[in-house]
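Those protein sequences? They're chains U and X, same order as listed.
For the record, in the first sequence the residue sitting at position 26 is 26 according to the numbering used here, with numbers rising by one throughout.
For the record, in the second sequence the residue sitting at position 173 is 173 according to the numbering used here, with numbers rising by one throughout.
If you're looking for bench data, these hints aren't it; they were derived computationally from the structure.
It is possible that some hints are incorrect.
[As the list claims (entries may be wrong)] Partial list, derived from the structure: chain U residues whose beta carbon lies under 8 Å from chain X: (1) Leu73; (2) Gln80; (3) Leu81.
C-beta atoms are modelled at their ideal positions from N, C-alpha and C, and glycine is treated no differently.
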Amino acid sequence: MIDVFTAVAVWAGAFFFLAGTVGLLRFPDPPSRLHALTKADNLGLGLVVVGLLPHAGALGAAKLVAVWLLAQLAATTVTQLLGRATRPRAERLP
Amino acid sequence: MNADLIFDPLLAALVLFAAISAVAARRTFAGVVGFVSYGLALSLVWVRLAAVDVALTEAAIGALTGALLLAAAARLRASEGLSESERAGRALRAVAALLCAAVSAALAAAGLSLPESAPSLAPAAAASLPQTGVGNPVTAALMAWRAIDTLLEKIVVLMALLAVWSLARDGAWGGRPGDAPSARRDDALVFLARMLPPLGIVVGVYLVWNSADEPGGAFQGGALLAAMWLLARMAGLVDAPRIGARGLRLLLVSGPLAFLAVGLAGFAWAGGFLAYPEGWEKPLILLVEAPMLLMIAAVLALLIDGPPTRTDDR
Chain U
1 MIDVFTAVAV WAGAFFFLAG TVGLLRFPDP PSRLHALTKA DNLGLGLVVV GLLPHAGALG
61 AAKLVAVWLL AQLAATTVTQ LLGRATRPRA ERLP
Chain X
1 MNADLIFDPL LAALVLFAAI SAVAARRTFA GVVGFVSYGL ALSLVWVRLA AVDVALTEAA
61 IGALTGALLL AAAARLRASE GLSESERAGR ALRAVAALLC AAVSAALAAA GLSLPESAPS
121 LAPAAAASLP QTGVGNPVTA ALMAWRAIDT LLEKIVVLMA LLAVWSLARD GAWGGRPGDA
181 PSARRDDALV FLARMLPPLG IVVGVYLVWN SADEPGGAFQ GGALLAAMWL LARMAGLVDA
241 PRIGARGLRL LLVSGPLAFL AVGLAGFAWA GGFLAYPEGW EKPLILLVEA PMLLMIAAVL
301 ALLIDGPPTR TDDR
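In isolation and in its complexed conformation, chain U is listed as follows (with noise of 0.2 Å):
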């Protein structure tokens, strides 16, 4: 049972992965283009994590959910700075 909720999971993460990627690579602007990145940041790694964490034990598991909480907090950052950066000079704020 255990066995078919993390196949599924993990294969519901890949599912993720897949999509972002494609998306990254057909999407026309860069502003939906972070918007396929950021599905593959967090869901697609956080099924896969969550996918996993039955089989880690306590302290995997803690580390685990700080893996995804980190790179939760990278991507963040990354998607806010590119999206500024690639904003036409115009729309920019002040």
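Got chain U; can you put chain X on it based on the hints?
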């Protein structure tokens, strides 16, 4: 299905692809991106080979060189179009490619022709590991058996920093490197620069403390501390120190100095340079590693910031 059979070939293909894209890229920026991905994939290879110490070092060095190369690519961007006409001709590039392929083939042949059981000091190292008081053979090699190499390495990185500093204009000597912190801070970056360093500093110190028995060490920990400082520096929360400041100079020489002091004291208490007295190996190694950690962090951070550009009186 065995994960080794799927994952390892994929990883090898990824390394090759990243390497080729770094070499074949026409724009400097794309080449740097390829090189950074190559370093990342390579550190995964080291993890798969169970050489976690090397993987950590590869990741740290990859991040450092990546940052330096990105800055260089940004500087070269303006003149990149002009240098396009100076591209080497087809014949010359073909000769260079042939030469590189020949060197690679020779290296591969040499690697494949090694005897099945290569001569190794590993059993001897494992046998005398308890004498050093540390449990991680890599740390034992770096800090006990080959301590002289580690000492000289520290002096080399210090020389590299001096070389960078010596590119300063005369008027800026002794001043602060890089650009002054901008008055317009980026809120997102400031948030990250306030959230991450407490965690990063703990992990950096942990990597050194833990290196006695687990993978890690002063270089890996120092790289992490340097990254935390650079994050705060980029966010504009801190300014680079004056390179003439006495405290900074003391910090920079403290690493080799502590090493030399312990090494010279070895004559008195253990009968040789860099020899540790019986039973004191581990505390002495930690005593040397602590200033080394700070010194490496300072050197790496200052290498990225570059030569001094401004003095306080302007």
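Of all the hints given earlier, name the ones this structure violates by number, lowest first. none
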